[in-house]
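2 protein chains.
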Amino acid sequence: MSTTTPHIVVLGAGYAGMMTTKRLIQQLAPHEAQITLVNKHNYHYQTTWLHEVAAGTIDVNRSRIMISDVINTKRVHLVQDTVERIKADEKKVLLQNGELDYDYLVIGLGFEKATFGIPGMDEHAFSIQSVDTSRMIRDHIEYQFSRYKTEDNPSDDILTIIVGGAGFTGIEFVGELAERIPVLCKKYDIPRKKVKIINIEATPTILPNFDEELLEYAQRSLKARGVQFRLGTMIKEVKKDAVIVGDDMEEIKAGTFVWTGGVQANRIVGESGFELTKGKVNVDTMLRAPGHDDVFILGDCAWVMNKDTGRPYPPTAQIAIQEADVCAHNIKTMIQGGTLREFTFDDKGTVASLGGSEAMGTVFDGHKLYGLQAKVMKHVIDDRYLFLLGGPGLVLKKGKFRPF
Amino acid sequence: MSTTTPHIVVLGAGYAGMMTTKRLIQQLAPHEAQITLVNKHNYHYQTTWLHEVAAGTIDVNRSRIMISDVINTKRVHLVQDTVERIKADEKKVLLQNGELDYDYLVIGLGFEKATFGIPGMDEHAFSIQSVDTSRMIRDHIEYQFSRYKTEDNPSDDILTIIVGGAGFTGIEFVGELAERIPVLCKKYDIPRKKVKIINIEATPTILPNFDEELLEYAQRSLKARGVQFRLGTMIKEVKKDAVIVGDDMEEIKAGTFVWTGGVQANRIVGESGFELTKGKVNVDTMLRAPGHDDVFILGDCAWVMNKDTGRPYPPTAQIAIQEADVCAHNIKTMIQGGTLREFTFDDKGTVASLGGSEAMGTVFDGHKLYGLQAKVMKHVIDDRYLFLLGGPGLVLKKGKFRPF
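Protein chains in written order, with UniProt numbering: chain A, 1 to 404; chain B, 1 to 404.
In case anyone wonders, no lab produced these hints; they're calculated from the structure.
All the given hints hold, so there is nothing to weed out.
One copy or two, it doesn't matter: identical chains are merged, so the pair holds either way.
Derived pair list, reagent style DSSO-like, types lysine-lysine, alpha-carbon separation capped at 27 Å: (1) K149 with K239; (2) K239 with K113; (3) K40 with K194; (4) K186 with K400; (5) K236 with K113; (6) K240 with K196.
Please work from the sequences and hints to get the whole structure.
Written as structure tokens, this is what we have:
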């Protein structure tokens, strides 16, 4: 490492890490900073598309992008390695195969499954977390279909898919399943009515931050395509082939259980000594870790307060991308001098996909969108990110709505 | 059922059953016989392509044909049902959902796995037997790859695939695996060298009826693509995650075990009282069951003696199709009068696919073929059958080599 130019280390190539790196390249000249991006894989993936990989409606490769295809490797040193520990007091990161010293650190290590201590959740629940775990879900569902066709007197229960949690991922996932299951039924010669899709949620409603009218639309659309809802129902235990719910400990048998009901920061963050509140770090308005002005924590590892409501913003790709802008600006400012920027969220609206040509959400000033119109907007949102990341070429290659 | 025209019942829509039905339609006028074809599924499948389904190199639907697409349903009554018992003395067939009386019966119910009493074989071995069991193998292999990418500290052993038996199916299957595994490795980001393909065979040689030169070619080709052979090695026991071999009870760990080492007649045949010799019925030269002149047994349910060698012919699709000709002729003769025909096998040669563009075998007068030339001939053979079954349209739709 040079001793004259500051070294910026970005951990994780998710939405936050990728966009921070992009912005740093744009805003700093090569002689002003060295930049290193550390990631477990040599690819970046679209977390917001993983529910489609998990349902099997898109191929894995559609959801991932080689990092070197969109990050200028003449400017950024790419390190493919796994982070083991951050030693903030020594300004050091320990990797599985080495270590790095930093002057500025950006932590964008993403989320992992939060189990809330529910027995069996660790062992038996699948999670839509990475390319690998999402593909595992797809393969597991097909495996159950194959088993059903080859075992002697199989129970219909092995075809049942339970999705725990009716937040954004849970709802988008059951929407994809509603599209995928009829295709799988045809492929495996299994009558559609034998396959149950059950969404279980502890609170009385799906998608807590959405408008009532949109929620009704979503539920009607999903129910019409065979999704069953069990709202206000607490999961008490997860077994190999069943889920136990409610105070009367009702057992619902299923061949597949996917948990989308809770996420927390990558465990490296807590293990490295950063203080966690409900599983994530409360960062300051400049997005820095408390007590460490040289450490920024972004995306699913952090809670960022909404000063208007006094509650943290819900974690989305949109917010992670906006955080990257502020983080990159603030690092630049710390190097060049000037005033740091506070993070404020510019809500451009949110659209939830419900599978196939179904979607719903709000855009701009709260304008509601339904069905195909919403779906098109969803694709525009996805493509906008690809455009930011890799320009029109990437939109053409990986985009969903192809206007070119 | 009419009492005036004889009723011919064909059990099973494999190579033998389909071609017998086709020939009967051609050779008998509608007023001369009623024909009923009973099959578990509404589709016919190409058993000789199932190793490709199992490896994942072709899609399931490529290997199957709707029966009603190739059999004239004005002439033949199709019954989709499962045979439970044949009562030859009462000239009756019991189905899961009904029963049928016959005047002439054709049994083409195919094979099932012969385990030779090897412990664990029933529970833990997959078998390339039907569309469903073959797809199960494909799904199981991908499942192991997915597990490998998501479990903590997984052993490389779960990626190992052991194929028991180096007969025709075993060799063709490892050939397909040799092509498929690099593709899967790329898909799942797993280094090729971590995946072992091991072929275990009790006798000292692969493909017992082939010429020495061809066998050397096959083994060289397969070894070059990473297939390991353990010839002269007896399987003693099959466990969930391993196979025990040899007198020293060596344990070879594996995530997938596929048994191709033995087949026997569908169990319905023995359970219905037909005498079995090494798992199949020794039929007479007219292809009839001993003691039942109105019952013909074809394909993998029967042994047909080669009078020149005193040994039965090896069971192949080619022989099943030729048996169908003789069987149809003999039933026609029994109805119209005339002389029954004896079965003699017209060996048109045999080509074994070794995956990708690799193959080898003999044609016509023992002329040897290798590589692409052999592969083209293999496709010609496959297409010839499709042509017999459904004319040029079927070749175009499902054929492998498309000359049109």
